[in-house]
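Chains as they are written, first to last, in the working numbering: chain V, 540 to 876; chain X, 9 to 353.
Watch out, some of these pointers could steer you wrong.
[Said to hold, decoys possible] Derived list of chain V stretches under chain X, where covered just means 3 residues or more per stretch with a C-beta under 8 Å from a C-beta of chain X: (1) 769 to 782; (2) 786 to 796; (3) 868 to 874.
Hints were generated in silico from the structure; no laboratory data involved.
Using N, Cα and C, we set each Cβ at its ideal position, and we do this for glycine too.
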Amino acid sequence: MLSYLIRRLIAAAGLVVVISMITFAIFYVAPRIGGATSESMASRYVGRSATGATVEQIAERLGFNDPIPVQYWNWAKGVVVGTTYDYGAGVEKCPAPCLGYSFRTQQPVLPEIKRRIPITFSLAIGAAFLWVVSGVAVGVLSALKRGSIFDRIAMTVALAGVSMPIFWTGLISLSYFSYTLGWTPPGASYVPLTENPLKWAHGLLLPWITLALLFSAQYARLTRAGMLETMGEDYIRTARAKGLRERTVVMKHGLRGALTPIVTIFGLDFGLLIGGAVLTETVFGLPGLGQLAIQGTKNNDLPQVLGVVLLAALFVAVANLVVDLLYAVVDPRVRAK
Amino acid sequence: MTDNVKTPYLDVNDLRVHFRTDDGLVRSVDGLSFQVERGKTLGIVGESGSGKSVTSMAVMGLHTASNAELTGSIRLDGQELVGAGKEAVRALRGKKMAMIFQDPLSAMHPYYTVGNQIIEAYRIHNKVTKKVARKHAIDLLDRVGIPEPGKRVDSYPHQFSGGMRQRAMIAMALSCDPDLLIADEPTTALDVTVQAQILDLIRDLQKDFNSAVVIITHDLGVVAEVADDILVMYAGRAVEYGTAEEIFNEGEHPYTWGLLSSMPRFDRKRTERLEPIKGTPPSLIRVPKGCPFNPRCQYVDLVGEPCVTERPSLLAEGSSHGVACHIPPEQRSAIWNDEIAPRFA
Ligand SMILES: Nc1ncnc2c1ncn2[C@@H]1O[C@H](COP(=O)(O)OP(=O)(O)O)[C@@H](O)[C@H]1O
Ligand SMILES: [Mg+2]
Chain V
540 MLSYLIRRLI AAAGLVVVIS MITFAIFYVA PRIGGATSES MASRYVGRSA TGATVEQIAE
600 RLGFNDPIPV QYWNWAKGVV VGTTYDYGAG VEKCPAPCLG YSFRTQQPVL PEIKRRIPIT
660 FSLAIGAAFL WVVSGVAVGV LSALKRGSIF DRIAMTVALA GVSMPIFWTG LISLSYFSYT
720 LGWTPPGASY VPLTENPLKW AHGLLLPWIT LALLFSAQYA RLTRAGMLET MGEDYIRTAR
780 AKGLRERTVV MKHGLRGALT PIVTIFGLDF GLLIGGAVLT ETVFGLPGLG QLAIQGTKNN
840 DLPQVLGVVL LAALFVAVAN LVVDLLYAVV DPRVRAK
Chain X
9 MTDNVKTPYL DVNDLRVHFR TDDGLVRSVD GLSFQVERGK TLGIVGESGS GKSVTSMAVM
69 GLHTASNAEL TGSIRLDGQE LVGAGKEAVR ALRGKKMAMI FQDPLSAMHP YYTVGNQIIE
129 AYRIHNKVTK KVARKHAIDL LDRVGIPEPG KRVDSYPHQF SGGMRQRAMI AMALSCDPDL
189 LIADEPTTAL DVTVQAQILD LIRDLQKDFN SAVVIITHDL GVVAEVADDI LVMYAGRAVE
249 YGTAEEIFNE GEHPYTWGLL SSMPRFDRKR TERLEPIKGT PPSLIRVPKG CPFNPRCQYV
309 DLVGEPCVTE RPSLLAEGSS HGVACHIPPE QRSAIWNDEI APRFA
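Isolated chain X, as found in the complex (with noise of 0.2 Å):
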């Protein structure tokens, strides 16, 4: 991890979110931390239903479900949100931190325009002119790339592409100048050629706008270029946590060498299959026992034991490479260099 002299924008300490329902306790997220600074990305990766979503809306203050308990701490340039008054939450959401969706036709309202998407979502923070807002939202249609903006300004969404409603999600989120900016899989519902462009406008952007970006993603390939840090989510918790370098070039836990092997990669050899991790994500309400991760771990023979009962920690003394596993470091380094690594050979 970087050193962290300066304080973290983003600072998200032991969180915990559960929901109460019929079938038990759903542990969405279950004791997660890390940080994030301005001009720098984190990548949180997990296969579908490891709690990201969950987390990212945790931050953003939109867990308003009566069944969602919320622990730990979210710190947001030193202000506490776990626990605070929902209306100074929302004061502070589209101004210091942002969100951008999966599904941009879904998420934008099919009835309104983009444009007066933007202007409202400007308006809430700015005290301007309708006429004001409406040419703040035509240059920043222009600035996230979406050609005649003083034509499509006024288009609805179902009238744009699936790029460039991404891109009309991105300018309402920028609208405000927010100092985070969380996009939650913002390239998975689109094509791949579309998925490079959206995220070299995101990397594009935060080098302008100097803010701090959590791209949250089931694929590690997408944030292999773009992010600087990157936190591997399992069942709920961090598995692994380091710089993108330390995760790509010595990556430690299984579970993260399921994810390399599995991610798609242009060096490859057309005839090599991708492998997938076997076995599915446990249930959120019984997790396993010791790691969560021991069902499916193909290692879980070489320690044996406290795999199976005790909970591995994610930091070592003395290392800012968190690595949530039992297997001894040398050992792990062994299995890397011996079969992972030659994989990407």
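So that you can see chain V by itself, here it is in the shape it has in the complex (with noise of 0.2 Å):
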């Protein structure tokens, strides 16, 4: 078990490398490929009256002009120890974990990023909940009754759930259940748990409801298969000739048994939410993770779009480690190996 401990740790570990070299080089080397110089590029840290020998000194200073390697070194080193940015103008510090520094908000990224962590987390943590629960119940119930008429309803809305975007659900529970009918608040209404549970989760309730119904469909088909499957195996035959009495026969054994996809899925989904719901909280004006990268990319704020892109992947590959972990205690023949 410690050894399979440990030998997860260094893969997510080795992912982490791998996946802050892919987001450098699509935010440092992939503009170099398309033909921006290292003028341009650091002409996004200065003002657009900074003359041409201005920008050459400050991309020398900013380190534009050094190979690549060095440059991702550096960068690298900054989200571990921390740096300064000299851009001429005055000596910037950015502390450690240094996610990168705003030239245009003449700040570091990460605090306004550790701001906006628990509105999406938040948002992700409650539909979680929703679609995890309704998912899988509906699922199991489904698979129970298989061919009746509750489970081809729930697999006909379950093929519209994903199949219906984000965008569209979102607005059309916000205009009826927000603008006509008054029942949650309208949009950019965010209040934090802390500060009034009641009104946070009041808030947040058309989101969440939004965003499960998206992902529950995909929970309930495959608990459905899952079940499907297991209900059939010999060692449900054994429980039930144990005496076990019909419901625990099913929720013990069958669906611990059909728990192995859904937990590897859910991980994922889990991971790449909390890395900013970009759709949900753009329809629902949360000012969250997904909403600053949108803002970034559009004041083309390099830095603080790559602070998020970094956390979001540190968050899939966290994800990624708690899957494989939990995988261990799902399934004992896997601690074996």
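Work from the hints to combine the two standalone chains into their complex.
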């Protein structure tokens, strides 16, 4: 078990390094391949009025003329131990972990990211709770009553659920429940959990449901398929032969056997989501990470976008690690390998 | 058969289990009767597909499929199970009747420890703490011959060998002291050497627990040593039913002869080939008219007409040894003496 844990940890660390390289390459190497010069890269860090000579100077100071590996090394080092940016007009400190420094807002990007993590996280955790509970419950019932009216309706709704885009379901539900009926506050109404838990949940209810609708469909289908398989296994017959109640047979023996693929997909979905639910945050006006990335893109604020992307990648890597560990919890045969 | 002065613990009468399918009605069990007393072992023998597993599942009340139709009577300790409420039958499972399955690897849950699965079985019918149940599980593992039971109780099924897994499976089945134990092909998935050990174990435990045991197998050799009575099954029906002595010393049905001839025996000369029964078992949707064995029977010409038109009944009047065959008894014993018995000499 311990060696499994260590191996997974090393693999996760490796994944983070690879992801950071790819992220770096996308933002610093790809533009150069596309024709950007070190000056045009540097010009994003100074005002429009800067002269050619100043830009050249800054490009040099910010290291845009160094070989690519050196640039990556300096950038990665900055993430780990912090760094300073000398852009001529002054020296800006960016303490560790430095995910980047936004010359547009004249601030390190991390504090703003930190401010937004709870919002995206609130959105993700509530939606995840809803979609796992509803998806798994519907999936189990569908499998037990295969071919029934319930099963057919549930699976049709599930198919529709995955096919409907968030910006459509989100807008429809907003216009109906918020504007017409007034049951929930309209968008842009985030209240921190610590301030008022009720308002927190009330304000997030609509985005939660909208997001859960999209995901739960997939979970229902996955659970149904898994349950149909495991309920036909020999060990289910054994469980019944022991005299277990049907409820225990289904929940303890059947569902447990069908859990592995659900755990996998959940880790990946959740990891992706806490990196920023771009569409949902935009539709519902939630100032989370996804919105920050969009904003950074619009403002051509490269470090800000890079910071969010890097963090999102980190979340996915961590989610992967958690999934691997959960595997070992769910399936003892994994531990032995 | 043994004298039925005592009331049998399990009394099955005219049991029918039919499945409605798109291809037609599958008559998996079609009018089967047998009895088992406490302390006795019944062997049910027949080729694969003859309805043995369906019979055992019917007794256990495990036919949950909506297309299954059960009729006839299954009395367990006097209580009628056919038509009884699901919950009533569930409460009997594990406690009054328990079952051992063919492949212990797939029959045990891969995600729970062996101990956990035994503890779970024990606690269904015994309101005890986990600690007490665990102690009981270790005792059981010890009883079925698993070394270091205190350690192995926390192992998962995949960490056991095939024989050990079957022992653990037996421990689980015995956890609540069942009065009836059904073993469906308990040794088929095991090595030959392990097979004998498991059969010895079942026989030992039966003495200790004084339970009624049903051993189901496709191999007459498996029950030769352990069964008191033997029921030979073909196409969902009994073709011969008698004591083990009767079957082995004066078997009377041509199908039984076929099973006996294809039985591997230690006293057989190496060079002698086993003789499998020619042909294949019939479809249970279209069972042959008359005697279901007639298309494969090499003696069908002795009788002719009735074999293909009339269903032979099992019991002749005044006899406890049942044989469903149209060949007259004198002729059967002549064939046994002239053709079948010499093969074992
Ligand atoms: N649920 C079911 N639906 C339809 N046919 C079934 C079902 N269960 C068993 N059968 C059929 O019943 C017959 C007897 O099966 P079984 O009792 O498993 O034979 P065996 O003697 O090898 O244990 C087989 O032909 C099988 O196809
Ligand atoms: Mg079988």
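Against the structure, the hints:
Residues of the stretch 769 to 782 of chain V with a Cβ under 8 Å from some Cβ of chain X number 10, which satisfies the need for three, so the listed coverage holds. Here's how the stretch 786 to 796 of chain V fares: 3 of its residues keep a CB closer than 8 Å to some CB of chain X, so the rule of at least three is met and the hint holds. Counting residues of the stretch 868 to 874 of chain V whose CB lies closer than 8 Å to any CB of chain X gives 4, which reaches the minimum of 3, so the coverage claim holds.
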